[in-house]
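Protein chains: 2
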Amino acid sequence: MFRTVFFISDGTAITGETLGHSLLAQFSGVEFTQVRIPFVGDATAALEAVAQINRAGKRDRARPIVINTIVDKKLSAIIRSSESVVLDLFGEFLDTLENALGIKPQPAVGQTHGLKDFSVYEDRMKATNYALNHDDGIKLSFDRADLVLVGVSRSGKTPTCLYMALHYGVKAANYPLTEDDLDEMRLPPFLRRHKRKIIGLMIEPDRLAQIRETRKPGSRYASIKQCRKEVELAESLLRLEGIPVFQTTRSSIEEISSRVLAELGLQREMF
Amino acid sequence: MFRTVFFISDGTAITGETLGHSLLAQFSGVEFTQVRIPFVGDATAALEAVAQINRAGKRDRARPIVINTIVDKKLSAIIRSSESVVLDLFGEFLDTLENALGIKPQPAVGQTHGLKDFSVYEDRMKATNYALNHDDGIKLSFDRADLVLVGVSRSGKTPTCLYMALHYGVKAANYPLTEDDLDEMRLPPFLRRHKRKIIGLMIEPDRLAQIRETRKPGSRYASIKQCRKEVELAESLLRLEGIPVFQTTRSSIEEISSRVLAELGLQREMF
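Same order as they appear, the protein sequences are chains A and B. Each residue of the first sequence is one higher than the one before, starting from 1 at the first, in my numbering. Each residue of the second sequence is one higher than the one before, starting from 1001 at the first, in my numbering.
Wrong hints could be hidden among the right ones.
[As the list claims (entries may be wrong)] Distance windows between CB atoms, simulated:
id	chain 1	residue 1	chain 2	residue 2	range
1	A	42	B	1028	42 to 52 Å
2	B	1144	A	204	28 to 38 Å
3	A	143	B	1221	18 to 28 Å
[Claimed, not checked] Here are some chain A residues pointing at chain B (derived, C-beta under 10 Å):
id	residue
4	15
5	22
6	28
7	35
8	67
9	97
10	101
11	106
12	128
13	135
14	159
15	167
16	207
17	261
18	267
19	270
FYI, nobody ran anything at the bench for these hints, they're computed from the structure. Heads up, the beta-carbon is just placed ideally off N, CA and C, and yes, glycines get one too.
Build the full structure now, drawing on both the sequences and the hints.
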């Protein structure tokens, strides 16, 4: 079973695509072709989108699903004139909110992922630069860090730090546990004094070996023996130091980030 | 006017927060306190959330707004028993989709931002590593790049590349135009042969000077004169080479990414 799904927006279409993925994930057995149509800002663009939707419907012999986040009512009406099933994310919920708040919404076109405020944006950029400069033990000073992720090499620290910096403006540093740290069975002093903002990332040895193998095939570094040893020692070390640990093997970057922020009580607004 | 908004989910709550931000942006004049409650997986957690909602309502003397993306109907019913206005993102739309598709949804709890597939996940990680290794001219070989962003230093290339890698699994490299490139008024040969996958990022000189000033205060690099000169030359160069250019001054990373992918026809599914 094939269906085409359109994400249509006056902005980036990210909001619609995010919710769309959640909804579509509930229907297994359907093969969805996903098409993003962002920046639909006028009637011409809306009519072009309608033509594209109708062509897909003819090809699939089934009505496409349209996830619409256009704010403008006239443009949304054009989209609804297509031969499709339209889920209008704003229509319904805006009315409910208007009633709850007792004030009228001010149409703010495509603002969700727009640039709202230079200072907020700068926090985000600064956090990203911070993460890049404090990645993989490049800089070992963590005074200004909001948090420090520690773990063995390739346990998922770097992408998680970058994600948290980009989306929460959090200054996230990371430090790879070295063989020296593991042998001495304690955190180095420059880390130890930041204990309350450290979180450990842990990964299953099999998966770790698999990831390392794609980077350095056939190396001692990628051998299952070495991976088992490092993971075991890292687990002991973090337990001894009383550092909370999250497993990354079956988690996405988003899940790990969300759990880390919750654990440390960092209630940052998401970008 | 104060209102507390809760984003409640059995997963990361990212979907609800994303749509929530879009909706709340339409109501100016209200000061929203935002609280994320992720990973609500059982009745105990749901009841705790209800208690937290009710406390906020008492404090604010106004019913909190709850954006709920819990899939489980029993847990959602517990959330709805709170003294609040609940927007249930799944309830409504799942019914519409069920009718449109003619099949029953299979409850897939908190899967949107979960780890679905190791190979997809690996693409995302590989793309992130690629972006890190091909950032800021570190590696000058772009054969495997899906796209290359060029522009003057601090025009927004790095965060945009990281964002595209993390969210679209796109191998995004970037190259900072050097003074030599600008003097010679042409792209270096190793870039030239990848012309069709190059996009230019441009920024207003005033804004550029402001950003550079925070990095190297009082430097020639940050002077408005230098910034004006570089931007002017970069614009001429990219025009001469026929490279499409996007302005980053008033755009968010999400907007730039979305426009770049659309321009190059890269229809990647978003993570």
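Each hint tested on the structure:
{"no.": "1", "hint": "42/A - 1028/B: 42 to 52 Å", "verdict": "24 Å, violated"}
{"no.": "2", "hint": "1144/B - 204/A: 28 to 38 Å", "verdict": "29 Å, holds"}
{"no.": "3", "hint": "143/A - 1221/B: 18 to 28 Å", "verdict": "26 Å, holds"}
{"no.": "4", "hint": "15", "verdict": "5 Å, holds"}
{"no.": "5", "hint": "22", "verdict": "4 Å, holds"}
{"no.": "6", "hint": "28", "verdict": "5 Å, holds"}
{"no.": "7", "hint": "35", "verdict": "7 Å, holds"}
{"no.": "8", "hint": "67", "verdict": "9 Å, holds"}
{"no.": "9", "hint": "97", "verdict": "6 Å, holds"}
{"no.": "10", "hint": "101", "verdict": "6 Å, holds"}
{"no.": "11", "hint": "106", "verdict": "5 Å, holds"}
{"no.": "12", "hint": "128", "verdict": "5 Å, holds"}
{"no.": "13", "hint": "135", "verdict": "8 Å, holds"}
{"no.": "14", "hint": "159", "verdict": "5 Å, holds"}
{"no.": "15", "hint": "167", "verdict": "8 Å, holds"}
{"no.": "16", "hint": "207", "verdict": "8 Å, holds"}
{"no.": "17", "hint": "261", "verdict": "8 Å, holds"}
{"no.": "18", "hint": "267", "verdict": "7 Å, holds"}
{"no.": "19", "hint": "270", "verdict": "5 Å, holds"}
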